[in-house]
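Trainee: Sequence:
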Amino acid sequence: YHSVISALAAKTIAEMARNKVALHEGEDTYFVAGLLHDIGVFILDQHLPDVFAKVAAVCEKTGDPLHELEKQWIGFGHQEVGAEILKKWKQAGPLIDAVMYHHHPEDAPEASKTFARVVYLAHGVATNVGSPLALEGLMGEVESEHLFALGLCDEQLPEIMEKTEQSAEKSEVLLSILG
Numbered sequence: 268y269h270s271v272i273s274a275l276a277a278k279t280i281a282e283m284a285r286n287k288v289a290l291h292e293g294e295d296t297y298f299v300a301g302l303l304h305d306i307g308v309f310i311l312d313q314h315l316p317d318v319f320a321k322v323a324a325v326c327e328k329t330g331d332p333l334h335e336l337e338k339q340w341i342g343f344g345h346q347e348v349g350a351e352i353l354k355k356w357k358q359a360g361p362l363i364d365a366v367m368y369h370h371h372p373e374d375a376p377e378a379s380k381t382f383a384r385v386v387y388l389a390h391g392v393a394t395n396v397g398s399p400l401a402l403e404g405l406m407g408e409v410e411s412e413h414l415f416a417l418g419l420c421d422e423q424l425p426e427i428m429e430k431t432e433q434s435a436e437k438s439e440v441l442l443s444i445l446g
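Position in the sequence shown (first residue = 1) + 267 = my numbering.
Keep in mind that the hints were calculated from the coordinates and are not lab data.
The structure displayed is predicted, hence computed values, not measured ones.
Positions of the beta carbon are idealized from the N, C-alpha and C atoms, including for glycine.
There could be a bad hint or two in this list.
When the alpha-carbon atoms are kept at most 35 Å apart in a straight line, the in silico DSBU-like pairs for lysine-lysine are as follows [unchecked claim]:
1. K430 / K354
2. K287 / K355
3. K338 / K328
4. K321 / K355
Label-pair ranges, simulated between beta-carbon atoms [what the hints assert, rightly or not]:
5. G418 / D374: 17 to 23 Å
6. G418 / Q339: 17 to 23 Å
7. T329 / A359: 33 to 39 Å
8. A378 / V318: 30 to 36 Å
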């Protein structure tokens, strides 16, 4: 669910930023990046289930960021695993970088910063969608500098959340009809 909401949010953010900054990829590519940004989580869970379950439990209990706990417990984070998988799949550099840097887009190579920022913001939206304090949670989670770099501002966060939630509702209806 988180990955689907991230994908919808990434597409929404890219659409809203399109006329303000140079986006080198189409909105669908941002959708794919949002969908794949946490693929490393699934891989770690499948290949290191016992350790990953402990890490996830500590994350749940303490609220510490999962990627930081992974680094402490395993030696690397899910974003690194995801980036390596995408390299093996021969995906484009900006997509790999968006996955690798979705927690810290400021560290992305200059050519991939915009892509990483969109996925970072989409991850923040997906983490907070459906929460009673969604907007407050999102504003506490994302750094405004990444919005500004995309030509967006804090005042647009409610619109991003609303459009993402509307897209999610449409997707749920479609999936229920197909499924």
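Trainee: Compare the structure with each hint and give your call.
Mentor: We went through each hint and held it up to the structure:
For a cut-off of 35 Å, the pair hint linking K430 to K354 stands: about 32 Å separates their Cα positions. Restraint check: the Cα-Cα separation between K287 and K355 comes to about 33 Å, which is no more than 35 Å; the hinted pair holds. For a cut-off of 35 Å, the pair hint linking K338 to K328 stands: about 17 Å separates their Cα positions. Between K321 and K355 the alpha-carbon distance is near 28 Å, which keeps this suggested pair within the 35 Å criterion.
Separated by about 21 Å at the C-beta atoms, G418 and D374 satisfy the suggested range of 17 to 23 Å. Between G418 and Q339, the C-beta spacing of about 36 Å breaks the proposed range 17 to 23 Å. The given range of 33 to 39 Å is respected by T329 and A359, whose C-beta atoms sit roughly 36 Å from each other. At about 34 Å, the CB distance of A378 to V318 agrees with the hint of 30 to 36 Å.
When held up to the earlier numbered hints, the structure conflicts with hint 6 and nothing else.
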